[in-house]
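2 protein chains.
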Amino acid sequence: MDIAAFYELVEKNHSFMIASHVAPDGDSIGSVLALTLALLKLGKKAVPVINDNIPKKYRFLPGSNFIIKETSEKYDVLIALDCGDIERLGFNRPLKEYGTIVVNIDHHKSNIYFGDLNLVDSSASSVGEIIYRLLDGKVEIDFDIALNIFTSIITDTGSIRYSNTTPASLKILAKLVDKGVRPDYVSRQVFERRSLASILLLKSVLNTLEFSADGKIASLFITKDMLKAADADEEDADGIINYAREIEGVEVAVLFKEYEDGLTKVGFRSNEWVDVSMLAAEFNGGGHPRAAGCQIKLPLEETKEIVLNAVKLAILEDTGERCN
Amino acid sequence: MDIAAFYELVEKNHSFMIASHVAPDGDSIGSVLALTLALLKLGKKAVPVINDNIPKKYRFLPGSNFIIKETSEKYDVLIALDCGDIERLGFNRPLKEYGTIVVNIDHHKSNIYFGDLNLVDSSASSVGEIIYRLLDGKVEIDFDIALNIFTSIITDTGSIRYSNTTPASLKILAKLVDKGVRPDYVSRQVFERRSLASILLLKSVLNTLEFSADGKIASLFITKDMLKAADADEEDADGIINYAREIEGVEVAVLFKEYEDGLTKVGFRSNEWVDVSMLAAEFNGGGHPRAAGCQIKLPLEETKEIVLNAVKLAILEDTGERCN
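Protein chains in written order, with the working numbering: chain A, 134 to 457; chain B, 134 to 457.
In short, the hints are calculated from the structure, not lab data.
Don't take each hint at face value.
Identical chains share a label here; the pair holds if one copy fits it or two copies do between them.
Straight-line distance between alpha carbons at most 35 Å, and here's what the computed DSBU-like set of lysine-lysine pairs gives [stated by the list, open to error]: (1) Lys-349 <-> Lys-361; (2) Lys-349 <-> Lys-308; (3) Lys-445 <-> Lys-398; (4) Lys-202 <-> Lys-361; (5) Lys-336 <-> Lys-349; (6) Lys-430 <-> Lys-189; (7) Lys-437 <-> Lys-308; (8) Lys-242 <-> Lys-304; (9) Lys-361 <-> Lys-336; (10) Lys-336 <-> Lys-437; (11) Lys-349 <-> Lys-312; (12) Lys-361 <-> Lys-445.
Since we're looking at a predicted model, the values are computed, not measured.
Work the whole structure out from these sequences, hints included.
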């Protein structure tokens, strides 16, 4: 789908559901809201849908109060953003029951082109960046839209620290700041709001730090009891995995989170050369080469052993040491 | 001094000492090296001088091996970068003994115009940004120069998280990435290299967290014993103050570091409205409105009491609560 096809679709249809994935992040929320606000400007009916709770830190985003969970109403068009596959939406019925036409706009390499129309650009830092290019010169990018897209880009690039930061994304950020977005304000909302609970949790999680593979793998874990003791929720654990990733000499960081019913969630990050999306895929998870995750239906200790063995193997394979 | 005057100076002189402040940071080192490399390209003799140790994390910067400490040799021109006043250079003799002409290039509002020629632009995010504008279109900004300027800008803007991030600085970053700079690589060097010692130190420093003024002030401290126990040095404490600043509701964060001889160093950060450069100035220190520091010739406990009282007063003054 090119830009002309997108505006043809917009012209021919009236009602739009703009949806994104469960476990929402800055890019899913920011891009959903930016596109919703733009379609409203064009006189369309547009509803932002995310079938999960919106983290507190994103509630400053203009339009975030309009976000609803799954709805039984059917729309002319369902636009799915930032979803590599249909399951990511967390919807309970087939997509065609939400929209007569399904549009898939995404930047994941692994995208399976599930839409009637697909716009997948894995060179884009974020879906927010794709939305900017869709709107640029067609819809006035006002302050509210700018703020949402800015948030998309800086969250998905980790404040321009990740390898997906390109000249194009930086130029868009410059234009959005020109629209009045204050980078320091946005950063304080999304990166720099620590709850006291998160500090207490951090202290206890750092006590779980373990190394393997000559210091190339660092792992941390969080038990249900640790969350309880710090009066913390899952949001308070955001970013903790980076403490492991950033230690000198570490290539892969793994964070294990103990869940109810013997389930363990696993987060992976890598620095230079291990493709952790492949690792996550071994356990039916997915993600990007430098950030991925999976869930395993085993208790924490067993999950740790199985996953860390797989990571060790991946490290050996990638360094070619296995051949020696 | 405008750009034409700068190139007239360059044309008329042969040897240049490019110097910056003690306790060097990414902007001082990056801008010194960028300007040194540019002058070398123009066929000049150019020596980078910083009268202090260069932190390990900046040693990836091209040219960093050429940096020397104070030298007795005299140059045609001494260019001081990122120094609001002469003392910041940490030199032992009058500036005129280092350079016949003294040039002062800086972005601190508080700059006292100590040079024969002065280029002070407090709207610039960093001195690196000023150097970019000086070189742009005049000297080829090659990869090595680009890497130094990129590092200047991202360190002084906290990876575009601080209020000095402007459209102009973002556009320059875009151009530098176009020159081949890899944002993720630079970020890993300057922001994301944690030593194991820094993690151990972090755990113990988080235990010292205290609040006052209804949670608007958060303070932390580091004793000599804590550094020893974690096998940490001063570099390992970099950024720890932000754990206090980023807690919800906090306006001013203060970090106290115990030194030899009953000396205590104090770092200040603020979020929205308290000008901590004024606070630091009360104790003969200085800095920016959102980041400043001072040294006090008193033991840790006494320093804490005196400084925290001053911060409380500043909070009361700024909220106008004092009038009630």
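Hints and how they fare:
1. Lys-349 <-> Lys-361: both (31 Å within a copy, 26 Å between copies)
2. Lys-349 <-> Lys-308: Between copies only: 34 Å across chains, 40 Å inside a chain, cut-off 35 Å.
3. Lys-445 <-> Lys-398: within (19 Å within a copy, 44 Å between copies)
4. Lys-202 <-> Lys-361: within (28 Å within a copy, 52 Å between copies)
5. Lys-336 <-> Lys-349: both (22 Å within a copy, 22 Å between copies)
6. Lys-430 <-> Lys-189: within (29 Å within a copy, 43 Å between copies)
7. Lys-437 <-> Lys-308: neither (45 Å within a copy, 44 Å between copies)
8. Lys-242 <-> Lys-304: both (23 Å within a copy, 27 Å between copies)
9. Lys-361 <-> Lys-336: both (14 Å within a copy, 19 Å between copies)
10. Lys-336 <-> Lys-437: The answer is both: 21 Å in one copy and 24 Å across copies each meet 35 Å.
11. Lys-349 <-> Lys-312: between (43 Å within a copy, 31 Å between copies)
12. Lys-361 <-> Lys-445: Both: 31 Å inside a chain and 33 Å across chains, each within 35 Å.
Going through the hint list in order, the structure does not satisfy hint 7, though it satisfies all others.
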